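The hints should help you fit chain P onto chain Z, whose structure is shown.
There are 2 protein chains.
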Amino acid sequence: MEYTKPLAKLIECFQKLPSIGPKTATRLALHVIKMPLSNVSEFADALMDAKTKITYCENCFNISCSSPCEICSDHTRNKKIICVVSETKDLMAIEKTNEYHGLYHVLQGLISPIDGIGVDDIRIKELLYRINQNDIEEVILALNPSVEGEATAMYLNKLLKPFNIKITRIAFGLPMGSELEYADEMTLARALEGRVEIE
Amino acid sequence: MEYTKPLAKLIECFQKLPSIGPKTATRLALHVIKMPLSNVSEFADALMDAKTKITYCENCFNISCSSPCEICSDHTRNKKIICVVSETKDLMAIEKTNEYHGLYHVLQGLISPIDGIGVDDIRIKELLYRINQNDIEEVILALNPSVEGEATAMYLNKLLKPFNIKITRIAFGLPMGSELEYADEMTLARALEGRVEIE
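Those protein sequence lines, which keep their order, are chains Z and P. Following our numbering, the numbering of the first sequence begins with 1171 at its first residue and continues without gaps. Following our numbering, the numbering of the second sequence begins with 1171 at its first residue and continues without gaps.
It is worth saying that the hints were derived from the structure and are not from the lab. Please note that a few of the clues may not be correct.
[Claimed, not checked] Derived pair list, reagent style DSSO-like, types lysine-lysine, alpha-carbon separation capped at 30 Å: (1) Z:1259 / P:1193; (2) P:1204 / Z:1295; (3) Z:1259 / Z:1336.
The structure displayed is predicted, hence computed values, not measured ones.
Here chain Z stands alone, though its shape is the one from the complex:
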């Protein structure tokens, strides 16, 4: 015997989501059946709303309901600095610090030949166009310290050199509150390499 059809279908839908296997999908689907109808229909509407109403900012490729997005159209922001991130979630992480007040550029990916993602598959052309068209003073590369992040940062650095603007990269080193003793060699090596003079 199989699960009754509507349940089997819902389990299948949950399973298509990342990191959700058959057991979790079944648990979630059984939970949905026990939820009040109003919550389920709210969930179904939220799914459709998120998919149909959300678009990408034509300027920075952040996800937004409007284009240009809330950040690009905010007049209090410093329009001479662009912080380059890989995904919207990285943008959100930086926003949460309340330390950055410039603009962003969401690449929507990182160069990764293994996954078949080349330089034309992410929003590099659009970044160059923005730098060309606007008076930009600094580009901050806020990409992950992974193989793909490093490769993308190096490639961007090479492309941006001719523009004669300041190109910076976020610092890598020991996370706050961590202990030197337990840091891995790579992190410690980067922390040493990136040491700054005490004023």
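Using the frame of chain Z, we list chain P on its own:
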């Protein structure tokens, strides 16, 4: 800055599901935005279908689109044996073994005074009614070997005694393929207690 409204709403909906925290909810919601529209609307429909079309079997309280359910209305099944389980997922687990061909009774919970679930909150009355109305020869208690499962099994055993039918409980012991050396004391104790004579 917060996530754009439809996204924030979808994240909130995902977070209401069990074992989904804010980070996973965000990841799932961002994934939905990247999914093809057809898949998203399929997902939304599956949610509503599962909630609106699925009901409980009036006989055994298994979830089903029809009442009586597929199992209760299957004439090839032995209608003299009832296997009592706590949830539909336990029923499914037993069905997968292909070893059992009787009927089921889904209690829809276990007695758990800590969670405020008493004997009247689960389908015990309905089980007694079924046994009273039908010619039942055996009731198999297939409840989890947890505190709640034990309590419910003991309570049911007491209630069913007067009916003068065979009451059995699934065996607890070493799982197949496991090693005695690594078994916990409780399991080993139950395995010893439940030892069977070799014929």
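How the hints compare with the structure:
For the given pair, residue 1259 of chain Z sits about 10 Å from residue 1193 of chain P by alpha-carbon distance, which is consistent with the 30 Å threshold. At roughly 21 Å between alpha-carbon atoms, residue 1204 of chain P and residue 1295 of chain Z fall within 30 Å of each other, so this suggested pair holds. In summary, the hint linking residue 1259 of chain Z to residue 1336 of chain Z is supported, as the alpha carbons are separated by about 25 Å, within the 30 Å threshold.
Of the numbered hints given earlier, the model fails none.
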